[in-house]
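J.: Given next are the chains, with one letter for each unit.
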Amino acid sequence: MRFNTSTLLSILVMLLGGLLLWHADAFLGDYQIYIIKLIFINAILALSLNLIYGFTGMFSLGHAGFMAIGAYVAALCVLTPEQKEMMWILEPIMPPFDQLFTPFWIAVLAGGLVSAVVALFIALPVLRLGDDYLGIATLGFAEIIRVLLTNMTPITNGALGIKGIPEHATPVTCYIWMLITLIVLARLLFGNFGNVLRCIRDNEIAADVMGINVFHYKVLSFCLGAFFAGVGGALLGSHLSTIDPKMFNFLLTFNVLMFVVAGGLGSLTGSLLGAGIITVLLEWLRILEEPMTIGSLEIPGVPGMRMVVFSLALLGIILFRREGIMGTRELTWGKLAARFRRHPEGGRA
Amino acid sequence: MSESAKDQKDILLSASEVTMRFGGVTAVSGLSLAVPRGAVTGIIGPNGAGKTTAFNVLSGFYTPQEGTITFDGHSIRGRKPHDICRLGMARTFQNIRLSHQMSVLENIMVGCHVRRRQSWWAAPLGLPMYYKEERAIADKAHALAARLGLDDVCNEQAGGLPYGAQRRLEIARALATEPQLLLLDEPAAGMNPQESLDLMHLIERIRKEFNLTILLIEHDMKVVMGVCEYIWVMEYGALIAEGTPEEIRSNPAVIRAYLGEDMVHA
Chain A
51 MRFNTSTLLS ILVMLLGGLL LWHADAFLGD YQIYIIKLIF INAILALSLN LIYGFTGMFS
111 LGHAGFMAIG AYVAALCVLT PEQKEMMWIL EPIMPPFDQL FTPFWIAVLA GGLVSAVVAL
171 FIALPVLRLG DDYLGIATLG FAEIIRVLLT NMTPITNGAL GIKGIPEHAT PVTCYIWMLI
231 TLIVLARLLF GNFGNVLRCI RDNEIAADVM GINVFHYKVL SFCLGAFFAG VGGALLGSHL
291 STIDPKMFNF LLTFNVLMFV VAGGLGSLTG SLLGAGIITV LLEWLRILEE PMTIGSLEIP
351 GVPGMRMVVF SLALLGIILF RREGIMGTRE LTWGKLAARF RRHPEGGRA
Chain B
723 MSESAKDQKD ILLSASEVTM RFGGVTAVSG LSLAVPRGAV TGIIGPNGAG KTTAFNVLSG
783 FYTPQEGTIT FDGHSIRGRK PHDICRLGMA RTFQNIRLSH QMSVLENIMV GCHVRRRQSW
843 WAAPLGLPMY YKEERAIADK AHALAARLGL DDVCNEQAGG LPYGAQRRLE IARALATEPQ
903 LLLLDEPAAG MNPQESLDLM HLIERIRKEF NLTILLIEHD MKVVMGVCEY IWVMEYGALI
963 AEGTPEEIRS NPAVIRAYLG EDMVHA
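Heads up: the sequence lines are chains A and B, in that order.
Read left to right, the first sequence gives residues 51 to 399 (our numbering).
Read left to right, the second sequence gives residues 723 to 988 (our numbering).
It should be emphasised that the hints constitute simulated quantities derived from the structure, not laboratory data.
Watch out, some of these pointers could steer you wrong.
These stretches of chain A come out as covered by chain B in the derived footprint (C-beta under 8 Å, 3 or more residues) [claimed, not checked]:
| hint | stretch |
| --- | --- |
| 1 | 136–149 |
| 2 | 160–174 |
Short derived list, chain B residues pointing at chain A, Cβ under 8 Å [stated by the list, open to error]:
| hint | residue |
| --- | --- |
| 3 | His804 |
| 4 | Cys807 |
| 5 | Gln823 |
| 6 | Met831 |
| 7 | His835 |
| 8 | Val836 |
Built from N, CA and C at the ideal position, the CB exists for glycine as well.
One chain only, chain A, in its complex shape (with noise of 0.2 Å):
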């Protein structure tokens, strides 16, 4: 029953997709596969902000926070001793960081591990507050997580930041860690456990009376999140080789929440189509930027202008179809066959 033909059809994309990454650099060029890149970790982001938001329907601001430990803790295990006594110029870094040398996987599971801690600890007082105190309160402490590395300078060499750190996140790398990602969410959504979250979600009352342990469940989505915020963090750390604490401000967060409302809250497929394009569109527009000639008009380039142009796309998805690209439903074969035989009521795959 579990090898249908839409399991065997899904591997089989996985693996052509592995493949033609393997191979990427013979028809790719840089550019290309760094939006490439870029897809897979905004990717492994998006989906765990809807496990958290869409799936368990907590509003968290706090993403940027996870990905900065993620980010540090993995820049921290992959930097060789050497590098790491040259960079920290302001203080020495101390003592068991700078001798800390791992392989990539283990700084990114490493960076997805200490995220998830700190998230339990977040989670422990912060989860009793609901709606929109929430999404106060994990902004607060991803805000806090960002002063602390500013400030804890023989350990994340403060403002400074780290550089050169070891390109690592390959287009298989990120791939590989992207399916881990949608493969566990899709295993444990799609389940019993996706009806129990999205009972929460609907009615938390509810729950409590069929004897759903909420605030477990909520704390378990929140670290399970975080800990894939984690891994999207180390990862993209990896792939920017360059991390500061200012990159990890609230503009972060909401640009992963851009992608989570934009394909749909509560819908996976729908996440890595919201990653997808809203990453290619961020990149391509900007050629607004650039200056123009069109006919005699020439417009100067205005830094920002495709912000306001992705401003206005937001609204209009807002206010058009507030709820995202695939709303709570799911890409799936079955529909996707369904599409092409021109069966609309074939979808209840």
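With chain A's structure known, arrange chain B on it following the hints.
T.: Quick look at chain B alone, frame taken from chain A:
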């Protein structure tokens, strides 16, 4: 004490001298009741008498300031609702609380969760035991849907169901937790006479089929008198009478407080 101890063996749920205050308002004062195992019992009373508050106290939403509550040999005063559900008490709500965006089947499956053995991490690992249990839960939900006449609408969104079906779905979800005691908060609210009649039959049927004890709150006198073996009457948070339907019918305090002219003519 020795006399009540004798009755204890057949009592599934008992409350004694339970008092619940909200600030200066005493919503329930000195409520004592004992629900015998296997019986259908009811709480009636005029609006604002404290019936729903009594339910909320019994199911663990509120911790009463005074009194004790014992369920199946466990003291449940101060326990959380999900804990009490695990012990075998399920309830429905006056204002139906379903996940409207989820399908009928998924709603019932949520109820099955409390009896599952596998932890959440079995899901991403894809253990065979996990899939076995998932299938068992789906089968159980299907079976429950069929027994409550919801098998035709299994995959429809719960929010799109007609009112009566939503009531039945809420009962199905409660039954999925494998309760011993089912608390029904105004199950016939908003139903027409025919639907109320069907509901009475349904209550009788599920009590037999699932070997349940049922305690319900109801306004509809036909339903209460028709299915309940024993009735408690509340007014202004206090118990003013208790007894069999016949005793309640002829109890002057009840007639004065609640049943009024209706029952005089009946």
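J.: Does the stretch 160–174 of chain A contain three or more residues whose Cβ lies closer than 8 Å to a Cβ of chain B?
T.: Coverage by chain B is violated here, the residue count being 0 at a Cβ distance below 8 Å.
J.: Report holds or violated for the interface hint on cysteine 807/B, using the least CB-CB distance to chain A and a cut-off of 8 Å.
T.: holds, 3 Å
J.: Taking 8 Å as the Cβ threshold, is the statement that the stretch 136–149 of chain A is covered by chain B upheld or broken by the three-residue rule?
T.: Violated - the stretch 136–149 of chain A has 0 residues with a Cβ nearer than 8 Å to chain B, which falls short of three.
J.: Given glutamine 823/B as an interface hint, is its Cβ closer than 8 Å to any Cβ of chain A?
T.: holds, 6 Å
J.: Against chain A, is histidine 835/B within 8 Å by beta-carbon distance?
T.: It holds, given that the least Cβ distance between histidine 835/B and chain A is near 5 Å, below 8 Å.
J.: How about valine 836/B: closest beta carbon in chain A under 8 Å, or not?
T.: holds, 3 Å
J.: With 8 Å as the cut and Cβ atoms as the points, is histidine 804/B at the interface with chain A?
T.: Histidine 804/B check passes; min Cβ-Cβ to chain A is 5 Å, inside 8 Å.
J.: Against chain A, is methionine 831/B within 8 Å by beta-carbon distance?
T.: Interface hint status for methionine 831/B: holds (5 Å vs cutoff 8 Å).
The earlier numbered hints that this structure contradicts are 1, 2.
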